[in-house]
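Construct all of the structure, not just a fragment, from the sequences and the given hints.
full-length UniProt numbering applies: residue 1 is where the sequence shown begins, and numbers increase by one.
These are computed hints drawn from the structure, not numbers from a lab. Beta carbons: idealized from backbone N, C-alpha and C, even for Gly.
Simulated DEER-style distance windows between Cβ atoms: (1) V499 <-> W305: 17 to 27 Å; (2) T349 <-> G261: 50 to 60 Å; (3) T349 <-> R135: 38 to 48 Å; (4) Y387 <-> A478: 18 to 28 Å; (5) T495 <-> W305: 12 to 22 Å; (6) F167 <-> V489: 25 to 35 Å; (7) I247 <-> T34: 13 to 23 Å; (8) A478 <-> E258: 45 to 55 Å; (9) T349 <-> P391: 20 to 30 Å; (10) H165 <-> I41: 35 to 45 Å; (11) G261 <-> G104: 55 to 65 Å; (12) E508 <-> D106: 52 to 62 Å; (13) N163 <-> I41: 32 to 42 Å.
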Amino acid sequence: MASPSELATERSHSKPLGIRCWEYIKRAKLSYKTHQAVVLIITFFAYTTYHATRKTTSIVKSALDPQSSAAGFKFSWRITYLSSPAETQRRSWVLGDGWAPFNGSDGTALLGQLDVAFLAVYAIGMYFSGHLGDRMNLRIFLTVGMIGTGLFTSLFGVGYWANIHSFYYFLIVQMIAGLFQSSGWPSVVAVVGNWFGKKKRGLIMGIWNAHTSIGNITGSLIASTLLSYGWGWSFVVPGLLIAFMGILVCLLLPISPESVGADRQEEEEDDSVDSPKKKKEGVTEPLLGSHTEMKENAVGFIEAWRIPGVAPFAFCLFFAKLVAYTFLYWLPYYISHTAIEGKYLSDETAGNLSTFFDVGGVLGGILAGHISDRLDARAITAATFMYCAIPALYFYRSYGHISLAMNIALMFICGMFVNGPYALITTAVSADLGTHSSLNGNSKALATVTAIIDGTGSVGAAIGPLLTGYISANSWSAVFTMLMAAALVAGLLLTRLVVAEVAARISETRSQGRSQSRSQEPEINV
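Shown next, in the form of structure tokens:
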């Protein structure tokens, strides 16, 4: 007869692997900071794989539609290179005839329609994902989203081996993939928000948000490397990668301190000790409260829109993501069809080169977060970066063809100024607004506000690539004009908030000056 301990061991081994892993984590009694590190690492790599799968389409475009550049790239400085038919013929032989239906005269427009279909469904799904994520187990919700994304990303690549040439097959697969992708951002922000308070939010989230650019870089390198083996592999491998990461999320991700019995007081004590400002203000409230409190304080969709600052930042992100996603989906294509120093680059080289835009984005996100923390001015920082993006885009369009080094340098600068405010608004700003004082302690607004802001931005992300597909058929000069105009509008939309922040800084400086002058006045002894 088996002993009680043997029976317990047998029952333990009979449980699914995920439950056993989760029970082990709860029994481990890790410190609060260790749990925070685990959360940051897992969510970082989780969303890295989201962006890696999202990036593959832009890398494969040139292989699907290799012949469409003749009508699409008509910069005035390109004319000197159009007299090299031998180079063009050699390039076309290397690339082959593309893939029907994208290798026809309307191939560029069809690829643009795929982009807008994906991003439109992604944007619509985003508005519902925050609502669902607040009412479901975030670990399960995120896992389903990642495995679903992996499945339909892989199905796009399966079209290569199945010899599928139906546009509607690729369209439907992209739309469903966009729906699953929409589960990612509200979920990871909500999980991170459960574990981290307001201390150095801009810097921490700026560094953490590097997963966006790292994911783009990873996706570019994987897709471009595998392109020579057949474009299907460029989708299947990232798809398998995100599905595998989804399994790890299910096994290892602690969604909140309460779920693993962690003591939130450790963080609160650290915040109150380390920050002089917090000593005066009291303990910093976490971005999200307990699960019980969230159920008691549901935030409606319209109510979240009415939070001061949500609408301006949401519409600012609309135009910021229009610029960022146009680069995300079209930059490798643009590079491979642009003569640099009189030579065209291969698709693989162009895909690798495009990663410098994302490297600049990593630095831009960190700088924007750090600067906004130091100045305590999110709107000023975001608007300044958007205004600086305008000359950066102009110089890249005008001088990027001169040399490879010049192209890389200007691309890096563009990435820094374009992705900086994008990263700031989707992370620190969303967290700030999700815990706005007007909510009177309502802790459930974060996921909803994040979904509203990023969902609105995703509408712009859908429109940008779509317009580029049509406008580039006539002139890429017009595409860059559109991008510069979008950056200008993004900055202008924050004008009222910028004025308010400037007024607050001036008022604060004056009050500090008056207090210092009073403290320096000599005491009068009676």
